[in-house]
Amino acid sequence: MTAAAEQIGNWLELFTRQERADPWLEKLREDAFARFTELGFPATRDEDWRFTNLAPIARAKFAGQAADAPDQIEIARLSEADRAQLGKYAPQTAFVALNTAFLKGVAFAKIGRGALVEQPVAITQSAPPAQAGGLPHAHPRTLILVAPGAQCTIIETYQGEGQYLTNAVTEIAAGEGAVVDHYKVQMESADAFHIATMQVSLGRSANFSTHNISLGGALTRNDIGVRLAEGAEATVNGLYLVNGTQHVDNHTEIDHAEPHGTSHELYKGILDGRASAVFNGRIIVRKDAQKTDSKQTNKNLVLSDDAVIDTKPELQILADDVRCTHGATIGQLDAESLFYLQSRGIGRVEARSLLTQAFAQDIIDRIKVPELREQLERALAGKFHERTNR
Amino acid sequence: MALLEIKGLHATVADREILKGVDLSVDAGEVHAIMGPNGSGKSTLAQVLAGRELYQVTAGEVTYDGKDLLALSPEDRARQGIFLAFQYPVEIPGVSNMYFLKAALNTIRKNRGQPELDAMDFLNRIREKMTAMNMDETLLNRPVNAGFSGGEKKRNEIFQMAVLEPRLAILDETDSGLDIDALKLVAAGVNAMRSADRAIVVVTHYQRLLNEIVPDTVHVLADGRIVKSGGKELAIELEQGGYAALGIYEESEAVGKA
Numbered sequence: 028m029t030a031a032a033e034q035i036g037n038w039l040e041l042f043t044r045q046e047r048a049d050p051w052l053e054k055l056r057e058d059a060f061a062r063f064t065e066l067g068f069p070a071t072r073d074e075d076w077r078f079t080n081l082a083p084i085a086r087a088k089f090a091g092q093a094a095d096a097p098d099q100i101e102i103a104r105l106s107e108a109d110r111a112q113l114g115k116y117a118p119q120t121a122f123v124a125l126n127t128a129f130l131k132g133v134a135f136a137k138i139g140r141g142a143l144v145e146q147p148v149a150i151t152q153s154a155p156p157a158q159a160g161g162l163p164h165a166h167p168r169t170l171i172l173v174a175p176g177a178q179c180t181i182i183e184t185y186q187g188e189g190q191y192l193t194n195a196v197t198e199i200a201a202g203e204g205a206v207v208d209h210y211k212v213q214m215e216s217a218d219a220f221h222i223a224t225m226q227v228s229l230g231r232s233a234n235f236s237t238h239n240i241s242l243g244g245a246l247t248r249n250d251i252g253v254r255l256a257e258g259a260e261a262t263v264n265g266l267y268l269v270n271g272t273q274h275v276d277n278h279t280e281i282d283h284a285e286p287h288g289t290s291h292e293l294y295k296g297i298l299d300g301r302a303s304a305v306f307n308g309r310i311i312v313r314k315d316a317q318k319t320d321s322k323q324t325n326k327n328l329v330l331s332d333d334a335v336i337d338t339k340p341e342l343q344i345l346a347d348d349v350r351c352t353h354g355a356t357i358g359q360l361d362a363e364s365l366f367y368l369q370s371r372g373i374g375r376v377e378a379r380s381l382l383t384q385a386f387a388q389d390i391i392d393r394i395k396v397p398e399l400r401e402q403l404e405r406a407l408a409g410k411f412h413e414r415t416n417r
Numbered sequence: 003m004a005l006l007e008i009k010g011l012h013a014t015v016a017d018r019e020i021l022k023g024v025d026l027s028v029d030a031g032e033v034h035a036i037m038g039p040n041g042s043g044k045s046t047l048a049q050v051l052a053g054r055e056l057y058q059v060t061a062g063e064v065t066y067d068g069k070d071l072l073a074l075s076p077e078d079r080a081r082q083g084i085f086l087a088f089q090y091p092v093e094i095p096g097v098s099n100m101y102f103l104k105a106a107l108n109t110i111r112k113n114r115g116q117p118e119l120d121a122m123d124f125l126n127r128i129r130e131k132m133t134a135m136n137m138d139e140t141l142l143n144r145p146v147n148a149g150f151s152g153g154e155k156k157r158n159e160i161f162q163m164a165v166l167e168p169r170l171a172i173l174d175e176t177d178s179g180l181d182i183d184a185l186k187l188v189a190a191g192v193n194a195m196r197s198a199d200r201a202i203v204v205v206t207h208y209q210r211l212l213n214e215i216v217p218d219t220v221h222v223l224a225d226g227r228i229v230k231s232g233g234k235e236l237a238i239e240l241e242q243g244g245y246a247a248l249g250i251y252e253e254s255e256a257v258g259k260a
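Residue numbers (the working numbering), protein chains in the order written: chain A, 28 to 417; chain B, 3 to 260.
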């Protein structure tokens, strides 16, 4: 048996052992699993995976049922119309297929027309419980349907201990004029594999923002896609902090499908130790999407000699009357700033952590939920403190 | 013993020798001015004293309060009472002025064996000093020097000096970029700091600041050495005759004449 077949074999065993479900769900799962076996795990020869080697996941042995999540409801409780939305947005990738193949529950929110939901929709995914004979795995699924003119905030949090796989899929559909603020905080264990796919569909003049904060995980991959209808506005921001041998890969795709769309993208990364990070920002401006205004920035702070960053803008512009800018920077702590702080009595180690924190603060300051901002400030302060005490 | 004693100081940057044997002695209670043309090494001297690693000291010694200054890190120098007012104060986005100055003051206080101040005590202590420098309190919540005008940056330096109460203050071209009103304000701030146990070294290209901060001693630095020292009248002499009257040329001219 080839290595690839062996990998599929492990998943086939897990797939066939899961509890039976309603026929419609069985069918959905089976189709998805067939797609997964057909696609297999991506390899580094695939352009989208050039810098992220999935061997640690592909070779790992997994065991047990896919884990439940506290904020999910049984999928059978979805109405037929809502069910039809599942999988409508997410791209047909191997990991999305694998997620669907293990579909059981869904974190689901439906915001009615014109409703203003002040309390954030909080979705927390904890590590799946340990399993005998292999690593535990979880395939969290989230579906958020925001009706025209509605407003809401969504906070996804991923955390845990030990070694496991999280393979999350989030789909968000925002109707005309809806306003959606999305936050994702990834604080997985240092040994965890975290794969996440998010696809967002924006109706006319909808306003969407996402902040993707990546702190944990041994291997993290985020695929974030946002599709904009006419006059929609998207803010796609992210912050990643990696140390040791952590690897984080953020692939974003902003698809200006219709005219007068606006997108702002700012990803900032802090790399230390022998960590590595990838930023790939694809911006598509379709032929009809005239008057698109798009700005992409990726800034990296590299604190050690051994950390590696691969950053790449990918602009596909098919319209002619548009404004698209992009830029990437890779730098170290500014020697003059360090000296200035030291010259006022602040120790070198503290000065370094202060400047590092200041670099991240730029993203944290954009978070509109005060509790979340404070939580992240504490988490970051802890991280930098941890660094300085090494 | 002098508070600051510099003997035969040589320093290089990127293998180029800038200081070529500086001798200087400054006592507590005194104000010294170091004047000199562009490229003479004035700013290098100021930065070397504050511990900037960019410069390598290749020879000579510096004693501060009886201790080997060159053996100390920049932060230890600050904690022991040395303050450099930067010619170009650095902008630090993401760090608030308040956080920065409170952290600095508390580190220095800790070193002096004084208790740390909480936010309230800190504010009470600095409020008067802000007013004296005509600084708005909103500046405290803004990032360090970010978006400050040139004058605001210089006033912020002197304000920091007033808060940190150094024993040896080195002012590097503090007058550059200031209009006459701002210059008077800054000078008043510096004069208020004059005291028997504090030394102030004013590095400047022009004499105009020295009309406001009247020095006890004036030194002329040229080509990395102190070539002349005298009383405050030396500054006036320079103002009238220029450096050329002393046979000193600006670096670019000197190259032309060589």
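Simulated from the structure, these hints should not be mistaken for laboratory data. Just so it is clear, the structure is predicted and the values come from calculations on it, not from any experiment. Please note that the accuracy of each hint is not assured.
[As the list claims (entries may be wrong)] Once the Cα atoms are required to be at most 20 Å apart in a straight line, the calculated SDA-like pairs of lysine to any residue come out as:
no., chain 1, residue 1, chain 2, residue 2
1, B, Lys230, B, Tyr245
2, B, Lys186, B, Asp199
3, A, Lys137, A, Ser106
4, A, Lys322, A, Asp218
5, B, Lys155, A, Glu280
6, A, Lys318, A, Glu363
7, B, Lys131, B, Glu167
8, A, Lys137, A, Ala103
9, B, Lys155, A, Asp361
10, A, Lys326, A, His287
11, A, Lys339, A, Ala70
12, B, Lys112, A, Arg309
13, A, Lys395, B, Asn143
14, A, Lys395, A, Ala149
15, B, Lys186, B, Pro145
16, A, Lys322, A, His278
17, B, Lys9, B, Leu103
18, A, Lys326, B, Ala148
19, B, Lys22, B, Glu55
20, B, Lys155, A, Ser364
21, B, Lys112, A, Gly354
22, B, Lys112, A, Lys314
23, B, Lys131, B, Pro145
24, A, Lys314, A, Leu342
[As the list claims (entries may be wrong)] To spell it out: a stretch of chain B is covered by chain A in this simulated footprint if at least three of its residues, at any positions, have a beta carbon under 8 Å from a beta carbon of chain A; those stretches are:
no., segment
25, 49-61
26, 73-80
27, 96-103
28, 215-228
[Claimed, not checked] Going by beta-carbon spacing under 7 Å, a handful of chain B positions derived as facing chain A:
no., residue
29, Val92
30, Ala106
31, Met195
Think of the CB as a built atom: it goes at the ideal place given N, C-alpha and C, for glycine as much as any other residue.
A quick look at each hint next to the structure:
At roughly 11 Å between alpha-carbon atoms, lysine 230/B and tyrosine 245/B fall within 20 Å of each other, so this suggested pair holds. Pair hint lysine 186/B plus aspartate 199/B does not hold up; C-alpha atoms about 24 Å apart against a cutoff of 20 Å. A threshold of 20 Å between alpha carbons decides the hint, and for lysine 137/A with serine 106/A the separation of about 11 Å falls inside it, so the pair holds. Under the criterion of a C-alpha separation no larger than 20 Å, the hint pairing lysine 322/A with aspartate 218/A is inconsistent with the structure, at around 34 Å.
About 42 Å separates the Cα atoms of lysine 155/B and glutamate 280/A, which puts this hinted pair outside 20 Å; it is violated. Note on lysine 318/A and glutamate 363/A: the hinted pairing is violated, with a Cα-Cα distance of about 41 Å set against a maximum of 20 Å. Straight-line distance between C-alpha atoms of lysine 131/B and glutamate 167/B comes to about 11 Å, which keeps the hinted pair within the 20 Å bound. Taking the CA atoms of lysine 137/A and alanine 103/A, the gap is near 16 Å; set against the 20 Å cutoff, the hint holds.
With a CA separation close to 19 Å, the supplied pair lysine 155/B and aspartate 361/A stays within the 20 Å bound. Restraint check for lysine 326/A and histidine 287/A: not satisfied, since their Cα atoms lie roughly 27 Å apart, outside the 20 Å limit. Between lysine 339/A and alanine 70/A the CA atoms are separated by roughly 19 Å; this keeps the pair inside 20 Å, and the hint holds. A C-alpha spacing of about 51 Å is found between lysine 112/B and arginine 309/A, which places the hinted pair above 20 Å, so the restraint is violated.
At most 20 Å may separate the alpha-carbon atoms for a hinted pair to count; lysine 395/A and asparagine 143/B meet this at roughly 19 Å. A C-alpha spacing of about 14 Å is found between lysine 395/A and alanine 149/A, which places the hinted pair at or below 20 Å, so the restraint holds. Taking the CA atoms of lysine 186/B and proline 145/B, the gap is about 26 Å. The hint is violated against a cut of 20 Å. Taking the CA atoms of lysine 322/A and histidine 278/A, the gap is near 16 Å; set against the 20 Å cutoff, the hint holds.
Distance hint between lysine 9/B and leucine 103/B is unfulfilled; the C-alpha atoms sit about 33 Å from each other, more than 20 Å. Between lysine 326/A and alanine 148/B the alpha-carbon distance is near 19 Å, which keeps this suggested pair within the 20 Å criterion. Taken as a hint, the lysine 22/B and glutamate 55/B pair is honoured in the structure, with Cα atoms around 18 Å apart against an allowance of 20 Å. Distance check on the hinted pair: lysine 155/B and serine 364/A sit about 14 Å apart at the alpha-carbon level, within 20 Å; holds.
A C-alpha spacing of about 44 Å is found between lysine 112/B and glycine 354/A, which places the hinted pair above 20 Å, so the restraint is violated. Restraint check for lysine 112/B and lysine 314/A: the C-alpha separation of about 64 Å exceeds 20 Å, so the hint is violated. Taking the CA atoms of lysine 131/B and proline 145/B, the gap is about 19 Å. The hint holds against a cut of 20 Å. In summary, the hint linking lysine 314/A to leucine 342/A is supported, as the alpha carbons are separated by about 13 Å, within the 20 Å threshold.
Note: the segment 49-61 of chain B has 5 residues with beta-carbon separation from chain A under 8 Å; the three-residue rule is met and the coverage holds. For the segment 73-80 of chain B, the proposed coverage by chain A is satisfied: 5 residues have a C-beta within less than 8 Å of a C-beta in that chain, meeting the threshold of three. Coverage of the segment 96-103 of chain B by chain A holds [criterion: at least 3 residues with CB-CB distance below 8 Å; count 4]. As drawn, the segment 215-228 of chain B meets chain A at 0 residues by the rule of a beta-carbon pair under 8 Å; below three, the given contact is violated.
For valine 92/B, the suggested interface contact is upheld, since its CB lies about 4 Å from the closest CB of chain A, less than 7 Å. Interface restraint check: alanine 106/B against chain A, minimum CB-CB distance 4 Å, threshold 7 Å, status holds. Evaluation of the methionine 195/B hint against chain A yields a violated restraint, the C-beta minimum of about 16 Å exceeding 7 Å.
Figure legend: structure checked against the earlier numbered hints; hints not met, in rising order: 2, 4, 5, 6, 10, 12, 15, 17, 21, 22, 28, 31.
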